[in-house]
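Construct all of the structure, not just a fragment, from the sequences and the given hints.
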Amino acid sequence: MAVKELLIVVLIGLIIVGIFVNIYQLDLKEFFLESLLGLVSPNKYAEVESKKNLINRIPREFKVCLDCHDTLVQKLQEKNTHLPAVMGQCGVCHVVTGHPGASAQYTLPLNELCFTCHNRIWDKQNQYQHRPFELGKCADCHDPHGSPNQYNLRLVPQLLCNTCHNMGIRYGKYKVQHPPFATNQCLGCHYPHSSPYPKNLRAPVNELCNTCHFATLPGQYALVKHPPFRDGRCIECHHPHASDNMRMLRKPIPYLCLNCHDNERQIGWYKKMHPYGEKFPDRAEGGSVTCLSCHHPHGTGNPRMWRRPGNYLCFGCHRNKMEPMR
Numbered sequence: 036m037a038v039k040e041l042l043i044v045v046l047i048g049l050i051i052v053g054i055f056v057n058i059y060q061l062d063l064k065e066f067f068l069e070s071l072l073g074l075v076s077p078n079k080y081a082e083v084e085s086k087k088n089l090i091n092r093i094p095r096e097f098k099v100c101l102d103c104h105d106t107l108v109q110k111l112q113e114k115n116t117h118l119p120a121v122m123g124q125c126g127v128c129h130v131v132t133g134h135p136g137a138s139a140q141y142t143l144p145l146n147e148l149c150f151t152c153h154n155r156i157w158d159k160q161n162q163y164q165h166r167p168f169e170l171g172k173c174a175d176c177h178d179p180h181g182s183p184n185q186y187n188l189r190l191v192p193q194l195l196c197n198t199c200h201n202m203g204i205r206y207g208k209y210k211v212q213h214p215p216f217a218t219n220q221c222l223g224c225h226y227p228h229s230s231p232y233p234k235n236l237r238a239p240v241n242e243l244c245n246t247c248h249f250a251t252l253p254g255q256y257a258l259v260k261h262p263p264f265r266d267g268r269c270i271e272c273h274h275p276h277a278s279d280n281m282r283m284l285r286k287p288i289p290y291l292c293l294n295c296h297d298n299e300r301q302i303g304w305y306k307k308m309h310p311y312g313e314k315f316p317d318r319a320e321g322g323s324v325t326c327l328s329c330h331h332p333h334g335t336g337n338p339r340m341w342r343r344p345g346n347y348l349c350f351g352c353h354r355n356k357m358e359p360m361r
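FYI, the numbering for the sequence shown is 36 to 361, going by my numbering.
Treat the hints with caution; some may be incorrect.
[Claimed, not checked] Here are the computed lysine-lysine pairs in the DSS-like style, where the Cα-Cα straight-line distance is at most 27 Å: (1) LYS110 to LYS210; (2) LYS210 to LYS172; (3) LYS172 to LYS159; (4) LYS98 to LYS110; (5) LYS159 to LYS210; (6) LYS286 to LYS210.
For the record, the hints were derived by calculation from the structure and aren't laboratory data.
Written out as structure tokens, the structure reads:
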């Protein structure tokens, strides 16, 4: 008799569960099975309740939208949602009267619609603007309903930027990569909407580079400075993303130096010249003898940006010559 009563109780319980699921049109069977087994967590209970309440609080007149646009139910349950969408205020952005009709029926042209709420006055005034932002194509980057990503981005930033800028294919093959580029932190250097600086940079080039490259700061107080460094033109010598050369130089030394110091090409015609190249070790700085063995690339307190004053420059390598001069 006790077995029959237990079966009746279980049957009644399953009927109640089935009715509950049909009412809310949510797949809660797994939830209740876990509850019966004592496996459900409070977090999951809260998650299910929030989904149930989400659908319930959509105004009745807009629930009809979900009859056709049923894929939006999942969007509205994402971590980040657009407020009008999650509140069921479809008519804020979409023309409802006379729908269905032509696709993409909006209450305003797209280049005006988003800005009625997201009034980015500062961004609009900047000289350099990201093309989608300039054209009002906000939905190219942002999902207008819901997304698992911050700011309703359609993809995580590193993947999103590469859908147009394809930087990974262009520079990913190079040996030396700028850490922000290598880790896909595009927004560390670039603003996503607009900027007063070229390439949507967050600051002028010299200030932007110095936020991370503190080691270059002493060179700014040197008596003799390399003009590109002095004027904040770091990217004339260094590629901002990646390179096959040390320190992301745009060309290997000496070819980079000879872009400007063209008169120095003639040094090879002299019968007597300082040894240069891979055959000659740089005993002071390491590696082989190059322009940088004697000249600092940013600046020093010595003429011609020599690394050391006077004869001490030579003694860095030619230590055996020091004794006769004492």
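Verification of the supplied hints:
{"no.": "1", "hint": "LYS110 to LYS210", "in the structure": "violated (40 Å)"}
{"no.": "2", "hint": "LYS210 to LYS172", "in the structure": "violated (36 Å)"}
{"no.": "3", "hint": "LYS172 to LYS159", "in the structure": "holds (14 Å)"}
{"no.": "4", "hint": "LYS98 to LYS110", "in the structure": "holds (15 Å)"}
{"no.": "5", "hint": "LYS159 to LYS210", "in the structure": "violated (38 Å)"}
{"no.": "6", "hint": "LYS286 to LYS210", "in the structure": "holds (13 Å)"}
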